[in-house]
Amino acid sequence: MNHFIDTFFNAQQILATWPAILKGVVVTLEIAALVVVTGITAGIGLAVLRWLFGRWIKWPLLVFVDVARAVPPLVLVLLAYFGLPSLGVDISGFAVIWLVLSAVLTAFVEEIVWAGLISVKKGQREAARSTGLTEVQALLYVVLPQALRLAVPPLTNRTIAITKNTALGTVIGVPEIINQATTAVSFSGNATPLMMGAFAYLVLFIPIIGFGRWVEGRFAWRRH
Amino acid sequence: MDILFQQFFNLDIMSKALPLILEGLKTTLLICLVVIPLGILGGILVAVGSMAKSAVARRALALAVDLMRALPPLVLLILIYSGLPFLGLRLSPLAAVSIAFFLNNAAYYGEVIRAGIESVPNGQWEAARSTGLRADQTFVWVVLPQALRNVLPDLISNTVEVVKLTSLASVVSLQEMLYSADMARSLTFNNSPVVLAAIIYFVMLWPVVRIVSRLENASAK
Chain A
1 MNHFIDTFFN
11 AQQILATWPA
21 ILKGVVVTLE
31 IAALVVVTGI
41 TAGIGLAVLR
51 WLFGRWIKWP
61 LLVFVDVARA
71 VPPLVLVLLA
81 YFGLPSLGVD
91 ISGFAVIWLV
101 LSAVLTAFVE
111 EIVWAGLISV
121 KKGQREAARS
131 TGLTEVQALL
141 YVVLPQALRL
151 AVPPLTNRTI
161 AITKNTALGT
171 VIGVPEIINQ
181 ATTAVSFSGN
191 ATPLMMGAFA
201 YLVLFIPIIG
211 FGRWVEGRFA
221 WRRH
Chain B
1 MDILFQQFFN
11 LDIMSKALPL
21 ILEGLKTTLL
31 ICLVVIPLGI
41 LGGILVAVGS
51 MAKSAVARRA
61 LALAVDLMRA
71 LPPLVLLILI
81 YSGLPFLGLR
91 LSPLAAVSIA
101 FFLNNAAYYG
111 EVIRAGIESV
121 PNGQWEAARS
131 TGLRADQTFV
141 WVVLPQALRN
151 VLPDLISNTV
161 EVVKLTSLAS
171 VVSLQEMLYS
181 ADMARSLTFN
191 NSPVVLAAII
201 YFVMLWPVVR
211 IVSRLENASA
221 K
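Just so you know, the sequences run in chain order A and B. The opening residue of the first sequence carries number 1 in UniProt numbering; numbering runs sequentially from there. The opening residue of the second sequence carries number 1 in UniProt numbering; numbering runs sequentially from there.
Careful: at least some of the hints might be erroneous.
Listed next, the in silico DSBU-like pairs over lysine-lysine satisfying Cα-Cα at most 35 Å (straight line) [to be verified]:
1. B:Lys16 x B:Lys164
2. A:Lys122 x A:Lys58
3. B:Lys26 x B:Lys164
4. B:Lys26 x B:Lys16
5. B:Lys164 x A:Lys23
6. A:Lys58 x B:Lys164
Covered by chain A, per the in silico footprint, the following chain B stretches (three or more residues, Cβ under 8 Å) [to be verified]:
7. 4-18
8. 27-35
9. 59-71
10. 97-105
11. 169-178
12. 192-201
Under 10 Å between C-beta atoms, here's a sample of chain A residues computed to sit facing chain B [claimed, not checked]:
13. Phe4
14. Phe8
15. Arg69
16. Ser119
17. Gly123
18. Ala181
19. Gly189
20. Met195
21. Gly212
Think of the hints as simulated: they come from the structure by calculation, not from any bench. Small disclaimer: the values here were computed from a predicted structure and weren't measured. Ideal placement from N, C-alpha and C gives every residue a C-beta, glycine not left out.
Please put together the full structure from these sequences, using the hints given.
In structure tokens:
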């Protein structure tokens, strides 16, 4: 039992490693915040563009969306990280993770918001237009708000799932939580940093998961 | 433009890497064959458990599910693969992947299947019981099939995520498709093998992704 505590919850190790883990937490939070803001903004933007100029952008948009949804994010990460430099684009691991996860989130958000948009009854748009609103006004003030309300629960779940992928950064050396933890393990030969890393994720994500559950209950809509 | 083709769509290198990548694909499919049925089974157990009479059991299970949902799958995998040897338990990469994905998938499938079970009206239970079926027979033959059908889009889209997740196994050097492709990349200093792997993933999953979109849009209309 003592050996177990020594290996997994070693006080000395905790004291020695916590600054590194904390640095990892900051990096993880930075990437997560950037991805959430970029992905949701771009995703809603694309859905709006598809609504307004559907004919022109539908096919290129669908190609992007389907590739981003069907190819594992780790494959895209490796492609961007090793591929872009060979095209003369110098890019950091941090930027690669941000870029790839944002693209993936954008694709999912676009599809979710689009499903929301087409589920808002046709009469809503027509009524809005007939009051003299322009097409853009009808979308922004009438249709989109209702669509977003429907989209909130799946959007929250998807955003959480993709934000957790920040851990993929460790594969290309981004010093986020699990990267700091595995580095510390290889220096110390002790498993305590791993437990600290896992603990850090739990502290970060359990409140977010709880928030997701709350949102799901709050915005629940029943299919008939 | 030329360098783009040289670096990413080099047919010569692709055809050389193809046998290795197909070998990896076999392992990827093997992982799927292990983790998808296990995950669905685990999900059914989680869903049944979340209807337990004991409030303590329900709370404990909900906590376990939340823990599994909060940990990124890669972190869970590294924890099991690098952590357990400290307990004297050295797992093969495939065993570590199976355990990590089972824990992760059971939590996610569990949520989906629970929603499905809740969507089956109570009358179904009552009618089935009144025909003389026992509770377990009612669940397996009446409730569960309807529950799974009701959440089919979510079930399928979760399965797509699981297939994509198998690429994480490359991190613990299980030689599945991404591992093989990445090995070929580092041997040839060329990105085409990874592009080829991406294309194979896309070809496998694209029809499924389309079906999910269609099902979701149909139920939204």
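Against the structure, the hints:
1. B:Lys16 x B:Lys164: Distance ~24 Å between Lys16 of chain B and Lys164 of chain B Cα, so the pair holds.
2. A:Lys122 x A:Lys58: 20 Å, holds
3. B:Lys26 x B:Lys164: Holds, at roughly 15 Å.
4. B:Lys26 x B:Lys16: OK: Lys26 of chain B and Lys16 of chain B at ~17 Å, within 35 Å.
5. B:Lys164 x A:Lys23: 29 Å, holds
6. A:Lys58 x B:Lys164: Distance ~25 Å between Lys58 of chain A and Lys164 of chain B Cα, so the pair holds.
7. 4-18: holds (count 3)
8. 27-35: violated (count 0)
9. 59-71: holds (count 5)
10. 97-105: violated (count 0)
11. 169-178: holds (count 3)
12. 192-201: holds (count 5)
13. Phe4: 7 Å, holds
14. Phe8: 7 Å, holds
15. Arg69: For Arg69 of chain A, the interface hint holds, since the closest Cβ of chain B sits about 5 Å away, which is under 10 Å.
16. Ser119: Given a least distance of 4 Å, the restraint on Ser119 of chain A holds.
17. Gly123: Status violated, d = 14 Å.
18. Ala181: 8 Å, holds
19. Gly189: 9 Å, holds
20. Met195: Met195 of chain A check passes; min Cβ-Cβ to chain B is 8 Å, inside 10 Å.
21. Gly212: With a minimum Cβ separation of about 9 Å from chain B (threshold 10 Å), the hint on Gly212 of chain A holds.
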